[in-house]
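Colleague: The lines below spell out each chain.
There are 2 protein chains.
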Amino acid sequence: MITSTQNAKVKEWKKLKTRKYRNKLRRFIIEGEHLVEEAAQSDWTMVEVIVSEGYEGQLHNKVNGSIILVSEQVFKEASDTETPQGIAAVIEKKELTFKNEPYTLLLDSIQDPGNLGTLIRTADAAGFKQVILGKGTVDVYNEKTVRATQGSLFHLSVLQGELEDVIPKLIDDGIPVYAAALEGAKAFKEIEPSSSAALLLGNEGQGIADAYLQLSTEQVFIPIYGQAESLNVAIAGGILMYHFKG
Amino acid sequence: MITSTQNAKVKEWKKLKTRKYRNKLRRFIIEGEHLVEEAAQSDWTMVEVIVSEGYEGQLHNKVNGSIILVSEQVFKEASDTETPQGIAAVIEKKELTFKNEPYTLLLDSIQDPGNLGTLIRTADAAGFKQVILGKGTVDVYNEKTVRATQGSLFHLSVLQGELEDVIPKLIDDGIPVYAAALEGAKAFKEIEPSSSAALLLGNEGQGIADAYLQLSTEQVFIPIYGQAESLNVAIAGGILMYHFKG
Chain A
1 MITSTQNAKV KEWKKLKTRK YRNKLRRFII EGEHLVEEAA QSDWTMVEVI
51 VSEGYEGQLH NKVNGSIILV SEQVFKEASD TETPQGIAAV IEKKELTFKN
101 EPYTLLLDSI QDPGNLGTLI RTADAAGFKQ VILGKGTVDV YNEKTVRATQ
151 GSLFHLSVLQ GELEDVIPKL IDDGIPVYAA ALEGAKAFKE IEPSSSAALL
201 LGNEGQGIAD AYLQLSTEQV FIPIYGQAES LNVAIAGGIL MYHFKG
Chain B
247 MITSTQNAKV KEWKKLKTRK YRNKLRRFII EGEHLVEEAA QSDWTMVEVI
297 VSEGYEGQLH NKVNGSIILV SEQVFKEASD TETPQGIAAV IEKKELTFKN
347 EPYTLLLDSI QDPGNLGTLI RTADAAGFKQ VILGKGTVDV YNEKTVRATQ
397 GSLFHLSVLQ GELEDVIPKL IDDGIPVYAA ALEGAKAFKE IEPSSSAALL
447 LGNEGQGIAD AYLQLSTEQV FIPIYGQAES LNVAIAGGIL MYHFKG
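Which chain is which? The protein sequence lines are A and B, in order. Residue 1 is where the first sequence starts when you use the working numbering, and the numbers rise one by one after that. Residue 247 is where the second sequence starts when you use the working numbering, and the numbers rise one by one after that.
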């Protein structure tokens with residue numbers, strides 16, 4: 001059992017809280033029973049399972065990788081949550097490649113980790129199979145994002161991509177790309193649900209970059225009936241994905 | 247200018263962070279330029295505006311109430327945010343009463359302040375004019391909730407109510423009450439949008455209490471096409487409100 005917070009492993013886990021180190025090691029850390037279960041059930045590779053001495057839960061799915069027992073204090077040190085559940089895992093990143101998926105979500109510069117995670121979870125629910133993260137989008141392996149996906153990260157193909165390449169590829173393949181804009185656009189209900197649709201969402205404050213808007217098939221908006229200035233981007237994504245999915 | 251954190255006013259502002267004290271004083275505190283602007287534009291009564299000596303912004307709308315200048319340290323002490331904007335206000339609670347509004351949102355035991363705030367903001371956008379908070383729902387005057395409403399709290403009628411009284415009243419008045427359930431229900435798109443609809447949403451984990459489900463006109467669900475176990479309650483609310491609104 002690891003009891004020292006100075007242990008090399010513990011230091012490595014703490015470093016995995018930074019994007020730089022996650023990129024270097026090509027690993028990330030997840031925390032909590034539900035996420036570890038979801039990862040174990042998936043085809044992602046689990047490198048290590050970190051179990052606190054006080055952990056009282058049970059894992060229902062076979063976990064792979066080495067199981068490392070640590071003291072409660074060490075777990076707390078490595079943990080990102082206020083009330084740690086006593087179980088975490090180090091996961092290997094997967095090499096994913098872009099496909100012409102009929103239902104794809106495209107994200108331009110989403111900044112909030114919670115919004116990104118919720119969008120991935122919602123895409124999973126709505127039957128969208130691929131999420132492309134354009135430049136300026138927060139790291140999907142950020143612990144807050146992973147937590148907000150509630151495991152959907154392991155169900156879908158979530159990858160970084162150049163939106164200026166990806167949008168034309170989808171359109172060439174007959175998949176319309178609808179950009180969620182605020183103005184000069186068509187109300188979303190005017191567009192009929194169809195057997196394929198990509199949805200492009202933009203930054204919480206600035207919206208979608210002009211270059212991407214111009215590449216898109218059509219700009220759509222969600223009407224505001226009251227006095228709110230806008231909708232949260234994850235809410236907008238949920239409404240639009242469920243509309244296009246038909 | 248108040249420079250001591252021991253000042254009676256400062257102590258009062260800090261106490262307004264608790265529900266108990268907000269109920270006692272019938273006041274609450276809001277923070278940041280946007281929210282203060284929204285409150286100033288509304289018909290809510292502003293008791294005090296708290297301005298930090300370092301505040302560089304400008305208020306575009308006339309603010310009422312006394313303006314109290316405080317040192318940066320005092321502002322930080324009273325503030326709830328990590329990077330305070332230097333402006334806050336104390337607002338008087340409003341007496342609101344239930345009406346048979348054609349578009350009403352009913353909430354049973356929503357626990358997360360961010361979810362509640364986002365639901366209120368989304369209700370505002372979707373043209374729902376009234377939000378009824380059933381027993382067990384987090385306090386709407388919680389600072390996190392108020393922040394997540396982005397000012398929509400001042401646009402709508404948000405009030406506590408007994409769902410077992412409110413549901414039959416709406417139905418008696420010809421307003422159907424749709425309960426968002428997970429099972430044994432109708433897919434939401436099977437229900438035609440109409441000129442009036444109340445939506446009932448339940449607790450993040452437990453869903454809606456049986457007693458309320460039984461009082462409702464119909465149970466509806468959002469189909470899950472992928473492997474996600476569920477949708478975030480605010481996302482579900484957004485999808486359903488925009489569907490019913492037509």
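One should not assume that every hint holds.
[As the list claims (entries may be wrong)] Chain B regions said to be covered by chain A (calculated; three or more residues, Cβ under 8 Å):
| id | stretch |
| --- | --- |
| 1 | 310-316 |
| 2 | 393-405 |
| 3 | 443-450 |
| 4 | 485-491 |
[As the list claims (entries may be wrong)] Below are the DSS-like pairs computed for lysine-lysine, each with C-alpha atoms no more than 25 Å apart in a straight line:
| id | chain 1 | residue 1 | chain 2 | residue 2 |
| --- | --- | --- | --- | --- |
| 5 | A | K189 | B | K257 |
| 6 | A | K186 | B | K261 |
| 7 | B | K375 | B | K339 |
| 8 | A | K17 | A | K99 |
| 9 | B | K257 | B | K375 |
| 10 | A | K245 | B | K339 |
| 11 | A | K245 | B | K491 |
| 12 | A | K189 | B | K345 |
Please keep in mind that the hints were generated in silico from the structure rather than gathered at the bench. Glycine included, C-beta positions come from ideal geometry on N, C-alpha and C.
Colleague: Hints first: check each against the structure and report whether it holds.
Modeller: Evaluation of the provided hints:
1. 310-316: violated (count 0)
2. 393-405: holds (count 5)
3. 443-450: violated (count 0)
4. 485-491: Result for this restraint: holds, n = 3.
5. A:K189 / B:K257: Cα-Cα ~51 Å, so violated.
6. A:K186 / B:K261: violated, 48 Å
7. B:K375 / B:K339: holds, 18 Å
8. A:K17 / A:K99: violated, 30 Å
9. B:K257 / B:K375: violated, 35 Å
10. A:K245 / B:K339: violated, 42 Å
11. A:K245 / B:K491: holds, 19 Å
12. A:K189 / B:K345: violated, 30 Å
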